[in-house]
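The chain contents come next:
There are 2 protein chains.
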Amino acid sequence: MLQKTPVRPVYLDANATTRLDPLALEAMLPFLKGEFGNPSSLHGHGQPAKAVLGRARAAVAALIGAEESEIVFTSGGTEANNAAILSALATQEGRDEIVTSAVEHPAVLALCAHLAQSRGIKVHVIPVDGCGRLDMEAYRAALGPKTALASIMWANNETGTLFPVEELADLAHEAGALFHTDAVQAAGRVPVRLSAVAADFLSLSAHKFHGPKGVGALFVRKGTAFSPLIRGGKQERGRRAGTENVAGIAGLGAAASLAAWHLLTDSDRIAGLRDRLEAGIAELFPHATVLGDTSNRLPNTASIAFDKVDGEGLLVLLAQMGVAVSGGSACASGMMEPSHVLKAMKLKTDLLFGAVRFSLSRDNDAEDIERALAALPAAMDKLCGPTPFRRAVEEAAAALHPAPRASLRKVA
Amino acid sequence: MLQKTPVRPVYLDANATTRLDPLALEAMLPFLKGEFGNPSSLHGHGQPAKAVLGRARAAVAALIGAEESEIVFTSGGTEANNAAILSALATQEGRDEIVTSAVEHPAVLALCAHLAQSRGIKVHVIPVDGCGRLDMEAYRAALGPKTALASIMWANNETGTLFPVEELADLAHEAGALFHTDAVQAAGRVPVRLSAVAADFLSLSAHKFHGPKGVGALFVRKGTAFSPLIRGGKQERGRRAGTENVAGIAGLGAAASLAAWHLLTDSDRIAGLRDRLEAGIAELFPHATVLGDTSNRLPNTASIAFDKVDGEGLLVLLAQMGVAVSGGSACASGMMEPSHVLKAMKLKTDLLFGAVRFSLSRDNDAEDIERALAALPAAMDKLCGPTPFRRAVEEAAAALHPAPRASLRKVA
Numbered sequence: 001m002l003q004k005t006p007v008r009p010v011y012l013d014a015n016a017t018t019r020l021d022p023l024a025l026e027a028m029l030p031f032l033k034g035e036f037g038n039p040s041s042l043h044g045h046g047q048p049a050k051a052v053l054g055r056a057r058a059a060v061a062a063l064i065g066a067e068e069s070e071i072v073f074t075s076g077g078t079e080a081n082n083a084a085i086l087s088a089l090a091t092q093e094g095r096d097e098i099v100t101s102a103v104e105h106p107a108v109l110a111l112c113a114h115l116a117q118s119r120g121i122k123v124h125v126i127p128v129d130g131c132g133r134l135d136m137e138a139y140r141a142a143l144g145p146k147t148a149l150a151s152i153m154w155a156n157n158e159t160g161t162l163f164p165v166e167e168l169a170d171l172a173h174e175a176g177a178l179f180h181t182d183a184v185q186a187a188g189r190v191p192v193r194l195s196a197v198a199a200d201f202l203s204l205s206a207h208k209f210h211g212p213k214g215v216g217a218l219f220v221r222k223g224t225a226f227s228p229l230i231r232g233g234k235q236e237r238g239r240r241a242g243t244e245n246v247a248g249i250a251g252l253g254a255a256a257s258l259a260a261w262h263l264l265t266d267s268d269r270i271a272g273l274r275d276r277l278e279a280g281i282a283e284l285f286p287h288a289t290v291l292g293d294t295s296n297r298l299p300n301t302a303s304i305a306f307d308k309v310d311g312e313g314l315l316v317l318l319a320q321m322g323v324a325v326s327g328g329s330a331c332a333s334g335m336m337e338p339s340h341v342l343k344a345m346k347l348k349t350d351l352l353f354g355a356v357r358f359s360l361s362r363d364n365d366a367e368d369i370e371r372a373l374a375a376l377p378a379a380m381d382k383l384c385g386p387t388p389f390r391r392a393v394e395e396a397a398a399a400l401h402p403a404p405r406a407s408l409r410k411v412a
Numbered sequence: 001m002l003q004k005t006p007v008r009p010v011y012l013d014a015n016a017t018t019r020l021d022p023l024a025l026e027a028m029l030p031f032l033k034g035e036f037g038n039p040s041s042l043h044g045h046g047q048p049a050k051a052v053l054g055r056a057r058a059a060v061a062a063l064i065g066a067e068e069s070e071i072v073f074t075s076g077g078t079e080a081n082n083a084a085i086l087s088a089l090a091t092q093e094g095r096d097e098i099v100t101s102a103v104e105h106p107a108v109l110a111l112c113a114h115l116a117q118s119r120g121i122k123v124h125v126i127p128v129d130g131c132g133r134l135d136m137e138a139y140r141a142a143l144g145p146k147t148a149l150a151s152i153m154w155a156n157n158e159t160g161t162l163f164p165v166e167e168l169a170d171l172a173h174e175a176g177a178l179f180h181t182d183a184v185q186a187a188g189r190v191p192v193r194l195s196a197v198a199a200d201f202l203s204l205s206a207h208k209f210h211g212p213k214g215v216g217a218l219f220v221r222k223g224t225a226f227s228p229l230i231r232g233g234k235q236e237r238g239r240r241a242g243t244e245n246v247a248g249i250a251g252l253g254a255a256a257s258l259a260a261w262h263l264l265t266d267s268d269r270i271a272g273l274r275d276r277l278e279a280g281i282a283e284l285f286p287h288a289t290v291l292g293d294t295s296n297r298l299p300n301t302a303s304i305a306f307d308k309v310d311g312e313g314l315l316v317l318l319a320q321m322g323v324a325v326s327g328g329s330a331c332a333s334g335m336m337e338p339s340h341v342l343k344a345m346k347l348k349t350d351l352l353f354g355a356v357r358f359s360l361s362r363d364n365d366a367e368d369i370e371r372a373l374a375a376l377p378a379a380m381d382k383l384c385g386p387t388p389f390r391r392a393v394e395e396a397a398a399a400l401h402p403a404p405r406a407s408l409r410k411v412a
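These protein sequences, in sequence, are chains A and B. Residue numbers in the first sequence follow our numbering, run continuously in steps of one, and reach 412 at the last position. Residue numbers in the second sequence follow our numbering, run continuously in steps of one, and reach 412 at the last position.
These aren't lab readings, by the way, just hints derived from the structure by calculation. Even for Gly, the Cβ is constructed at its ideal location relative to N, Cα and C. Heads up, some of the hints might be wrong.
Stated by the list, open to error - Cut-off 30 angstroms, straight-line C-alpha distance, at most; resulting in silico cross-link-like pairs (DSBU-like, lysine-lysine):
1. K234(B) <-> K50(B)
2. K382(B) <-> K343(B)
3. K348(A) <-> K234(B)
4. K122(B) <-> K50(A)
5. K346(B) <-> K308(A)
6. K346(A) <-> K234(B)
7. K50(B) <-> K234(A)
8. K122(A) <-> K122(B)
9. K222(B) <-> K234(B)
10. K234(B) <-> K122(A)
11. K33(A) <-> K50(B)
12. K234(B) <-> K343(A)
13. K348(B) <-> K234(A)
Claimed, not checked - Listed next, with one range per pair, are the computed distances between beta-carbon atoms:
14. P191(A) <-> E67(B): 20 to 26 angstroms
15. R8(A) <-> E370(B): 51 to 57 angstroms
16. E68(B) <-> V316(A): 37 to 43 angstroms
Isolated chain A (complex conformation) (with noise of 0.2 angstroms):
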């Protein structure tokens, strides 16, 4: 049953990182090699980073909707999550709760477990159903005169479910409260206009969406207040210190750009990669769940849960057969308690463990499906050959159903 390693490896593993797309590579060369000026220079040595950055603003904010005022560029979209959260919390005297929910990135949540921990800030974490959808009367009842902001993810990175953050944004206003959005996993995949949606915050980062890692950025809306994280030189207008990452600027710009043009051209072809990968899967293990809002989310991701399957045992299999996928978010994986957006969607036991994402990008084609396909089986069958438990199992579903690879039917 085992399976040699493919030549090309499949990575279906897009929500935690993306390859870097050569064109944003291209955008970067000039500034790691003759160009090396700091952007905050009076001499001629500055001035191509400098415009590099004002063209990068111009493509971060076209991508999102935005103005090129309103974008901060920032080390990435944990650094993002934490300025808002922090801002909000510094900028409105008297507001001192915030409201978040239970399947938020580790950047919002260990950040609020730190504030209410350390500072005494009222962190509300509002709950979600078995499809990750947020409870809407828990959220409206949180809200009050106390909030000082609402961070709600615009889509999840485990279950690629979208949270309705243009009513979200309305009801945190009518609270008079802030509202922020990591649109990390949301932006580059589908639409985000912030012309529709009322966020104040909005934090992405760069190498989900084919750009380098280490490089994000923060969308202030005009007039929002805001306190910065990283204090020092006056880079960003005064609101984010330090030398900026000119060459990690300029792949983020060319990402964004080359973004824009992807979602109008890939995102249906992706849906249409993902939805194989899930009817084949279904068609292989009819007893595999898919998680999530599967009538509402984003159109790269398929979460699947394999009843009584060990999920990280299965990502392992697959890894060495040359398939690239995750076991819970990357932030999480390593550690073996299972993933809090799933502990969070209430799932049975059985499934708890078994949980596989596979996030696809547009960089994967139909091959790419049909060989997660096809290695799935073989590391079904190597997960679940060895331990007594399986065979007997194994066993029990032979007995019953003598077709081939009705035991993994029956495991799964």
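Since the structure of chain A is already known, use the hints to place chain B on it.
For chain B alone, kept in the frame of chain A given last:
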């Protein structure tokens, strides 16, 4: 007197930023091309990234005489400075004072000013003398049972003056306080040995020693309590969240190794070039003053005050002639107010606006220095030419000293 722009520009602004070493770029490129994995991923795509983080950590540790586990990668020197200061306040109940110097970088001073204003933190700003040397009596007197942190730079960015960090760290510890040093201008330029200097925190930035912009490191001594500035995932052993800037860190690591080598091979040569520059300037402009502690400073920095000259104007003219220098720290440039460093040194007004910083790197050679020396009189002529004040001075001077360029000598 106008001079054509030379073919190869003369870059003497290394304290603002340096050219990325081509070997550092070579170290980065694999992570901008094929190896795009997330170091946190369990599958193989993340392994090369994870491995390079380890190599870079070892290289940075070696550059400063630290252990690998003591290195936390950051987005640069400013973030590292902010993290150290805020951590020292967060981890020491009952200690809420900071001792720092009047000549620190804005990455320290702007944060301290904010903490004083927003949180009532008492900040003792220790003065310097006319050579930029710290007032040791005032430093000793400011330290006490309330001191959370003393933060004194290893070397000043504008004058190159070195601070007695070994003694300063010991004095801070005698008061029970932590000690941080901003070594952004020192790392890679002078030996930095954390085995000899008992600092608890040290900040460095890759782009000051021929690494990429947007990446740096904070040294956190083993056993020193640390509260992260940026929270979320478990990266950097929980000390700095966010997907790592893998390519940037690879470049930082290579740059650190190269810097350690060039420190041995190029320091004397660079100091020789700097001395030749200063000798040439002294000959051309006998009234020019070398600023800082000339007996104890970085080998690469020449901070020169030209008497009654508009330093900003001079650097713009030099830039037009292809010679890049700075008129203060890059972060302060663009603003017409004089550098806080030179103000702290109580320079008389005639010199305060006439300071120009020449900062060299291993990329410079003797030809650069001769071309800078050739450009200076021409730039000065152009700068001094048009104003009625200049003309009056020149006429008076010409009457007294009819020798060629006498006017320049007199003016300067």
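Margin query: Checking one constraint from the list: CA of K348(A) to CA of K234(B), max 30 angstroms. Satisfied?
Written below: holds (26 angstroms)
Margin query: Need the status of pair K122(A), K122(B): alpha-carbon distance at most 30 angstroms?
Written below: At roughly 28 angstroms apart (the allowed maximum being 30 angstroms), K122(B) and K122(A) satisfy the hint.
Notebook entry, point to check: Taking the beta carbons of E68(B) and V316(A), is their distance inside 37 to 43 angstroms?
Noted result: Hint violated: Cβ distance 27 angstroms, outside 37 to 43 angstroms.
Notebook entry, point to check: Taking the CB of R8(A) and the CB of E370(B), does the distance hold inside 51 to 57 angstroms?
Noted result: Because 55 angstroms falls inside the window, the suggested range holds.
Note to self: K382(B) and K343(B) were given as a pair; does the straight-line alpha-carbon distance stay at or below 30 angstroms?
What the structure shows: holds (27 angstroms)
Next item on the list: Go ahead and decide if the range 20 to 26 angstroms is satisfied by the Cβ distance of P191(A) to E67(B).
Entry: violated (48 angstroms)
Notebook entry, point to check: If you draw a straight line from the CA of K346(B) to the CA of K308(A), is it 30 angstroms or shorter?
Noted result: With Cα atoms ~74 angstroms apart, K346(B) and K308(A) exceed 30 angstroms; violated.
Next item on the list: Decide if the proposed pair is consistent with the structure: K234(B) and K122(A), CA atoms, cutoff 30 angstroms inclusive.
Entry: holds (24 angstroms)
Note to self: Holds or violated: K348(B) and K234(A), Cα atoms, limit 30 angstroms.
What the structure shows: holds (26 angstroms)
Item checked: Proposed proximity, K50(B) with K234(B) (alpha carbon, max 30 angstroms) -> holds (14 angstroms)
Notebook entry, point to check: Holds or violated: K222(B) with K234(B), Cα cutoff 30 angstroms?
Noted result: With a Cα-Cα distance of about 18 angstroms, the restraint between K222(B) and K234(B) holds, given a limit of 30 angstroms.
Check: Between K346(A) and K234(B), does the CA-CA distance stay at or below 30 angstroms?
Finding: Between K346(A) and K234(B) the Cα gap is close to 24 angstroms, so the pair holds against 30 angstroms.
Violated hints, listed in ascending order, are 4, 5, 7, 14 and 16; each of the other numbered hints is respected by the structure.
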